[in-house]
Amino acid sequence: MAETLNVGPNRRQPPKGSRLGLTEIWNNVGFRNLAYQVLVVGSVLALAVFMVSNAQDAMERRGISTGFGFLFQEAGFDIGEGLIAFQSTDSFLRAYATAVLNTLKVSVLAIVFATLLGVMLGIARLSSNILIAKLSSAYVEVFRNTPQLVQIIFWYTVITQLPPPKQALSMMDVAFLTNRGFIVPWPADNPAYSWMVVAFAVACIAAVMLLRWADARRRVTGQRMRVFWLNAALLVVAPLATWIAFGAPTEVSVPELKGFNFVGGLALSPEFLALLLGLSLYIAAFIAEIVRSGIQSVGKGQIEAARAISLTRGDTYRKIILPQALRVIVPPAGAQYVSLVKNSSLGVAIGYPELFNVNNTIITLSGHTVEAIGMMMAIYLSIAFAIAAIINLYNRAVQIKER
Amino acid sequence: MSASISFATPKSTPRRPPPALEAGVLLWLRRNLFSSAYNTVLTVLALWALFVTIPDFIVWAFIEAVWWTDDPQACRDASGACWAVVVEKHRVMLFGTFPYEEHWRGVIAIALIVGMAIASAFKRLWSYWLFVAWLGVTAAVLVLLLGGVFGLTPTGTHQWGGLPLTLLMFVGTVVGGMPLAVFLALGRRSRLPAIKAMCVGFIEIVRGVPLITVLFMASLMFPLFMPEGVTINKFLRAQIGMILFFAAYAAEIVRGGLQAIPRGQYEAADAIGLSYWQKTNRIILPQALRIVLPALMNDIIRAFKNTTFVSIIGLFDVLGATATALEDPLWVLFALEAYTFIFVLYFVFCFSMSKYSEHVERDLSKGRNL
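First to last, the sequence lines map onto chains A and B.
As numbered in the working numbering, the first sequence has no gaps in its residue numbers, which increase by one up to the final residue, 403.
As numbered in the working numbering, the second sequence has no gaps in its residue numbers, which increase by one up to the final residue, 1370.
No lab work stands behind these hints, which were simulated from the structure alone.
No false leads were mixed into what you were given.
Cut-off 30 Å, straight-line C-alpha distance, at most; resulting in silico cross-link-like pairs (DSBU-like, lysine-lysine):
no. : chain 1 : residue 1 : chain 2 : residue 2
1   : A       : K134      : B       : K1366
2   : B       : K1123     : B       : K1279
3   : B       : K1355     : A       : K300
4   : A       : K134      : B       : K1355
5   : B       : K1279     : B       : K1366
6   : B       : K1366     : A       : K300
7   : B       : K1355     : B       : K1123
8   : B       : K1234     : B       : K1089
All chains, full assembly: derive it from the sequences and hints.
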């Protein structure tokens, strides 16, 4: 049938002799697609060339050399705080490293706090206790519906209006809240602590392997092995043993008021605290919404079925609700984490030395605007992509496994 | 058998009320607050927390607060909040550096934008004309704020500030960003590889960097890329940055809508011989945009919150203008009260938008009960 239709007398034949006429070429889909693309790409390229040549002219006029050589020059400015030591005689490259570490420090802590608080609030919103549910939903509405920058500046104002060190708000005389920040006791420097972290990491890996082994064994033999307590013991004993092996150092640096400020202890700066609060309290509201919708997405029948086969409350949560809810929770939560890291750049508004802030100083001092902005964009993009990659890996682990 | 014997009582006994614990307030309390030991503990803890904080807050914010005074010393002497700072500085906070005698123009601009936003909330008014009306209102607001015609004193964009700037920046971002977002989303689903690659590249790069760096690029790098002598004013540059950022995020949402349209719709449009743009405009987009409206509302609310970022690159939106107002050394001690005020101001705008978006979501899901 189809063939007869195609060769039927009604089918229009291409007019002879004009096969390569302009209309025919224009009406050719392949040609047209190519033409559109050449047109768009061409105009974008032309615009880019135009702009870059303008920039080069401007640079030449101002006598600025281009290239990344400036990274090894002396920076000539100080950075208020950092995980690594930084002096004004260090290079711009080290300034970048310090700034990135500051960005990561506040972001990682904020992600941890936001997740803990967000999960609690999300579960609380579904509580059968109406007071708890309403309080949690009030929190979510207030913190979700105000700009993050306003929140950060608000917290900064609150902290800077605290009393000065002499009249510090004291917490049992060991931790102090002042307008210079939050000063807490901190273990004195000792190699034991870094080794304890290593021991803990090793214990974590061992615990995961143990879990896998127990699971594999259950599949083969059908015997269930409770490794929970064994794992818990492992995670506690490994760092503890390391600590004892290093002679159990107990020296703690306690803050003391000397003159106008505190000496000793660990001082968390007002900028750091305000940014940490602003980032984590804001994102927690979003995480709470994501967790709530994740839990609600698990069908009621699932919970009833779990009860019908007499799973305990804990097992219902762990084995039925959580795995299904995580599928809904993980992707949007990952997007929130990326957004948190990016918004740590708001630290510039209160003077926290994170990447964007330090980059501004570097631009002013070195004059290498284009390269510095390129560096900053590349760093932010790689952090965003790294988080996205980790979340994707985790997401693959919690997705439905179809066999 | 005698007919007088009856097993049914001739007169009914009065109906007894349910046990006290099973009705009224007590039932409600038991169900919602004290249903288990665990819930009782939670309730007691929450009540205790409220009891510790709320009375102190009320004393600070209302009872001991100073509402009207032009003397900062009076505020210092009081133990409560100093709302007088808001009263004293409200002109600067709401209108920034706009000339004092011309503030009435700012008030009309705010009223126009808020009025249009409220009008747009009514589904009955959704039509092509609403879009035209928005263009008209935007033009009217620009005339009001720029001046120079109809006998209005000219006021340059460098004098703009406060709430009119925040609202105009917000409207400009959404009105300018939506069409761009639709084009980017269509481009990302295009069969033409070069166009697709460019759209993907733009969207992913813009979404991967902080908004503040985009604004920074727009305000600092843009002049560098222009030929010498060509300058575009600061407000417009920030506006372009905001539009690009909004468009990249909204494009991903629109793309979700495009993907949700069943294939049959595309094929049917092709079958009746519609051209690409006819198919897109009349078949695909009306359905796709409807599906993603609630998600778009979230992005629009975020765009409103994000207008605060322009204060970092030196524009005087509400936040920037408040910071300027607090440069007055007499009042700087009461920064907390001033920021609390704008906290509430932003909350009122965002909360009403978010409540409206919930309403739209419910409305759209009617009759689609799956």
